[in-house]
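Asker: The lines below spell out each chain.
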Amino acid sequence: MTNGAASAARHLAPSRADRLLPALGVGVIWLFLLLFLVYPLMRILYDAFSDDAGRLTLTNFVEFARDPYYLRSLVNSLLLGLGTVAATSVLGFAVAFLLVRYDFVGRNLFSYLTLIPIISPPLVGVLGFTFIMGRAGTVNVLLEDWFGLAKPLNFVYGLHGVLLVETLHLFPMITLNVVDALAKIDPALEEAAESVGARGWKKLVTITLPLTTPGYVAGALLVFIWTFSDFATPLVLGVHDLLASQAYLNIVQFVDRRLFRMGIVISALMVALAVVFLVAARRYVAIKDYSSLSYSKIARRRLSPLRQAAALAFLSFVMLLSFIPYLGVGLASVGKGWSLTPFPLRYTLGYFERVIVETPKYIVNSFLYSTLAVVLCVAIGVPIAWILARTRLPGRDTLDGLNTLILAIPGTAIGIAYIRAFHFDLPLVGRGLTSLWIILPLVLAIRRLPYTVRGSYASLLLVHRSMEEAAASVGASGFRSFSDVTLPLIWRGVLVGSLFSFMTSLQEASAVLFLSLGGWETITVGIFSFYIAGSANEAAALGVILIVVAAVSVTLINRIAGTRMGGMFG
Amino acid sequence: MKRFGILGLAVLLAAGASGPAFGQAPIESELALITPVSKFIHDAALKAFADYAKEKWNVPVKVSAIPAGTPVAYGRIVEWKGKPEVDIFWGGESALFEKLAEQKLLQKVEISREVWEAIPASIGKPRPIPLKDKDGFWVGTALEPYGLVYHPKKIQRLGIPELREWDDLLNPKLKGEVAQCAPTRSSSSNATYEVILSMYGEDKGWEWLRKLAANTGHFTARSRDVPTVVAKGEYSAGFAVPSYMAFEEKLAGFELKFVAPKNAFVTPEPMAILAGARNPKAARAFIEFLLSERGQKVFMERGLFPITPKYKVQGPPGSPAELAVEFTGGVRSYFEREVSNVYDEDVAQKRSDALKQKFRTDIESTWRKP
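Taken in order, these protein sequences are the chains called A and B. Everything in the first sequence is counted per our numbering, starting at 1 for the first residue and increasing by one. Everything in the second sequence is counted per our numbering, starting at 1001 for the first residue and increasing by one.
Derived from the structure by calculation, the hints contain no laboratory data. For every residue, glycine included, the Cβ atom is placed at its ideal position computed from N, Cα and C. A hint or two may mislead.
Now the in silico label distances, taken between C-beta atoms and shown as ranges [said to hold, decoys possible]:
1. B/P1172 to A/L327: 34 to 42 Å
2. B/K1108 to A/V276: 48 to 56 Å
3. B/L1170 to A/V548: 45 to 53 Å
4. B/P1060 to A/V62: 49 to 57 Å
5. B/R1360 to A/W437: 33 to 41 Å
6. A/D52 to B/E1165: 43 to 51 Å
7. B/E1326 to A/V548: 34 to 42 Å
8. B/S1365 to A/V62: 16 to 24 Å
The calculated lysine-lysine pairs, modelled on BS3-like cross-linking and capped at a C-alpha distance of 30 Å, are [said to hold, decoys possible]:
9. B/K1297 to B/K1257
10. B/K1039 to A/K361
11. B/K1297 to A/K361
12. B/K1297 to A/K336
13. A/K361 to B/K1054
14. B/K1175 to A/K151
15. B/K1358 to B/K1125
16. B/K1173 to A/K151
17. A/K336 to B/K1153
18. A/K336 to B/K1175
19. A/K336 to B/K1039
20. A/K151 to B/K1369
21. B/K1257 to A/K151
Chain A with its partners taken away, still in its complex shape (with noise of 0.2 Å):
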C-alpha cells in the first residue's frame, strides 16, 4: 500500500505538498476498503471456517451438506435465480428491443415507464402485491364475487409467487441495460449482415443479440444475485427454504447458537457463490464495456398500425402487471379494515399522519444517513474512478475488483459481517461501532460505493485528456488539474451516479435492518418494523413516501443522463 502510495506520488506531482496530499488521499481510500469491506468479509469467512473455540475447521460445511433442509433451500435458491433470470431475459429483451428498434405512439412515455418497477422498495413491493393478487386480494375477491369461484386461485404463496414477483420487478435491469448495448451497435454491422443474405431471426441471433452480451451479462448477474439474496419477498410469501430466508432466520434467532452459527455459515456460502458467479460472468464477457461510447444514431422503423397495437398492447399488459405492487400499496396506505371487498370501504388519512407527523424520525433519519453516505460515495468514489480511469497505480485492478465485487455482495451478509466485525469498544470512544449511528451511513456508503464509481468513471472516460494535459503545461499539478479541469467537466456523472447511490440507499434494507438500533430507524426499516408488528398500513404509508422519493430522482436521473443509465448497473 506504502509502495503504490509512494508511486502515486512519484507519478504525479514534483512539488513536496503537493506529492503528499494524493498520496494521504490514496491511503484513505484504501484504508476506508480494507477497513469497512475487506475486513468484515474476512471476518465472516473466518467465523464460517471455524467452531466456537476459534479453531478453523470445516465441520460448519459438512453439517451444511448433510442437512437436506439446507440442500433443498440451496437448490431451489439456484433454480429461483436461474428462472428469473430467464424470464427476466424474454420479459427485458422483447421490451427493450421495442423501445429501441421501433417506433410508435407512446414509446418515450413507456421508456420512462419501463423504469418504475426497478424503484419499488423492498418489502413493500411484495405487499402490494398480495394486497391485489393475494388469497384475499382484489382478482380473488372479483373472481369469487363475480364467477362464483368456491376457493380462491393462489397466484403468489409459494415459489411460483416468488418468481413472479422478482421478474415483474427486476426485468427493467435487463431491459436498461440492453437498450444501452443496442444503442452502441453500430448499424453497419447489421447492415454488413442483411447484404449477405442474413435477415429477420438469423440477423437478430448470429449479430445483434451477441453484440449486446456485454451489457446483458451484467444485468442478468444482477437480477440473479438480487433474486438469490432477497429474502423479504420470500418470507412474505411463506417461501422458507431458501438459503437467504435461511440466513434470516438462523441468524434472527440467537438462542440456538448452532443454528445462528449456520445462518453466519449460509451468508458466506452466499458471498462465496457470488463472488463465483461474478468472476465466471467476467471471464464469459468484459462486464465494463465502455469501449464504444460513441451512441450510434438509431434509425427507428415506424410499426405497421396492427403491430403498433400489437405492440402497444403487450407493453401495456407488461406494465400493468408491473403496477399491481404500486396500486396494492397505495390502496393499503388509505383503505382501512381492508378485507375481503374487491376495494377498501373506507379510507382514512391517518397512517400518513402519524409517519410523516407523529414519528417523522423514519424520514429524517433516510435523508441523513443517505446524504452522509452519498458524501462518503463522493469523497471515496470520486477519486477511485479517477485512479481506475487515469493512473497505473499498482493495486488498480483490485480496486477495480473489490468496486465490483460489492454489487454481488448481498445486503444481508455485509449486515451480518458488520455485526461480527465491529462489535467490540473502540479506543477513545468507550463503545463499539455498532453502538454509533455513524455506521449506518458507513455501510450504505460502501454499499452504494459503485454507483458513483461507475458514473464517475464513465464521464471521466469522455473527457480528453488533452485538457488535462494542458493544465498540467501551464504547471498544475495532478491533484491541481483534477479539481480545476476534470472535475467541473464530469459533474454531470458524478452527480448522475451520487444520485442513484442516494436512490439506492434510501431503498436499502436488508444490511441496515441488521444494524439498526432503537432511533435510528430509517424509512425501510420503519416499513419493516411495521410489518412486522401487524401495521401493514402504516408501512404502506412509508412506502408511498419512498416510492415518490425514488420516482423524483429517477426523472432527475432520466433527465441528465437520458436513456443512459445501463452503464450503471454493470
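Using the hints, position chain B against chain A.
Answerer: Just chain B, lined up with the frame of chain A:
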C-alpha cells in the same frame, strides 16, 4: 407515596456516591427497551411513561425500543455480554429470564415492596404459572392469553361453526386455511405447541400437531403476522395468537374474532432490568409506573389483563376497555375465574430443544403447501 421510598433512597445513594450533586434528576433522561411485545403495546407504554415522568419530575425522557422476537431479543442480550444497548428486556417466556439471571445479565428489579407484593406469586391449576421471580430478577407486567383467531366471514363461507376449541382447527374443511408461526421462531407458538403436548401426551400431541400442519396453508415469518393474514382474509384461522395482537387488528377495523380455548397459555409478560443498563433509575421508575393503576390502564385498554387482583378491565360503555372485554369473551380479570393450565415450566425447558428439533424434522422439512 411510600412506593417511591426505595427510589428516593437510590437517588440519595447515587448522589452520595457521586459527591455533592444536589440538582441531580431523580431518573435518567433516556430509556430503551428490547422487546417482543409489539409496537401497539410498547409504544403506548413508553409514551405514557414519558408523559408521567414529565409531569412528576419534569424530566423529558427520550424513550426508544428495539422490537425483536423473543429468541432474537434473548440472543442480542447474550451478545451484548453485560454491556447492553438497552435498559430493559420485556416479554417472552419467564424461563429465558431465569437463564439470563444465571448468566448474571440481569440486575434485581428492586421496586417498592408494596407494588411487588400486590402481584400474586402464581396463577393457574393444576400447574401454577409464576407471575414474578422468587429471586427478584423479573416481574410480570400484564396477563395475556395465547389463543386462536378466525375470520367470521371466511368461516361462514366454508360452512363451519365458529371456532371454540383447539380441535376445531383440525376440521378438514379448514385444509390450507390455517396460518401459524413456527415454534422455532415464536415463543407464543412454542408455548402453545407445549400446551398441546402436555394436554395430549408426546405421541398423540405430535400427531395432533402434524394434523394441524396438514391444515396449515401458511407458515408466517413472525407470530405477529398470524392475526394479520387472518384479519385480511388471506387465511381463515390462526393458531397461537396473543390476545392483544388480535385486539389490535379489531381496533384497526377488521372483523377478527379471538378465542382462548381451555388450557390456553397465559403469559405474565415478564420484565427485567439488564445488568450494566445505562439508565437503571429510569428503568425502575418505568416498571413501577407500569404496575400502577395508570400503567395497568395502558394494558387494559389494549386487550391485556391486569397482573394484580387490585384492578379490573372496565370503562364507560363503548370505551376500548369495554370493547376489549367483549372481544376476549367477557373476561375482566384472570383472578376472578379458574385458570386452567397444563404448561409446566420445567418440562417445557427440558423439552425445548427436542421440540424445536422435532418440528424441524417432522413438520418443517416435510410440509408442503396444501
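Asker: If a hint holds in the structure, say so; if it does not, say that too.
Answerer: Going through the hints against the structure:
Against the hinted window of 34 to 42 Å, the Cβ-Cβ separation of B/P1172 and A/L327 comes to about 36 Å, which satisfies the hint. At about 53 Å, the CB distance of B/K1108 to A/V276 agrees with the hint of 48 to 56 Å. In this structure the supplied range 45 to 53 Å holds for B/L1170 paired with A/V548, their Cβ-Cβ distance being about 47 Å. For B/P1060 and A/V62, the hinted distance range of 49 to 57 Å is satisfied, since their beta carbons lie about 55 Å from each other.
Checked against the given bound of 33 to 41 Å, the beta carbons of B/R1360 and A/W437, roughly 37 Å apart, stay inside it. Separated by about 45 Å at the C-beta atoms, A/D52 and B/E1165 satisfy the suggested range of 43 to 51 Å. Between B/E1326 and A/V548 the beta carbon distance is about 40 Å. The supplied range of 34 to 42 Å therefore holds. Distance hint for B/S1365 and A/V62: a CB-CB separation of about 19 Å, consistent with the stated range 16 to 24 Å.
For the hint pairing B/K1297 with B/K1257, the CA-to-CA distance comes to about 23 Å; that is within 30 Å, so the pair holds. Under the criterion of a C-alpha separation no larger than 30 Å, the hint pairing B/K1039 with A/K361 is consistent with the structure, at around 15 Å. Straight-line distance between C-alpha atoms of B/K1297 and A/K361 comes to about 28 Å, which keeps the hinted pair within the 30 Å bound. A distance of roughly 26 Å separates the Cα atoms of B/K1297 and A/K336; the hinted pair therefore holds under the 30 Å criterion.
Proximity of A/K361 to B/K1054 is assessed by CA-CA distance (about 21 Å); at most 30 Å being required, the pair is judged to hold. A threshold of 30 Å between alpha carbons decides the hint, and for B/K1175 with A/K151 the separation of about 11 Å falls inside it, so the pair holds. For a cut-off of 30 Å, the pair hint linking B/K1358 to B/K1125 stands: about 28 Å separates their Cα positions. Distance hint between B/K1173 and A/K151 is fulfilled; the C-alpha atoms sit about 11 Å from each other, no more than 30 Å.
Between A/K336 and B/K1153 the alpha-carbon distance is near 17 Å, which keeps this suggested pair within the 30 Å criterion. Our distance criterion of 30 Å between C-alpha atoms is met by A/K336 and B/K1175, whose separation comes to about 29 Å. A hinted pair counts as satisfied when its Cα atoms are at most 30 Å apart, and A/K336 with B/K1039 qualifies at roughly 19 Å. In summary, the hint linking A/K151 to B/K1369 is supported, as the alpha carbons are separated by about 15 Å, within the 30 Å threshold.
For the proposed pair B/K1257 and A/K151, the alpha carbon gap of about 21 Å is at most 30 Å, so the pair holds.
Of the numbered hints stated above, none is contradicted by the structure.
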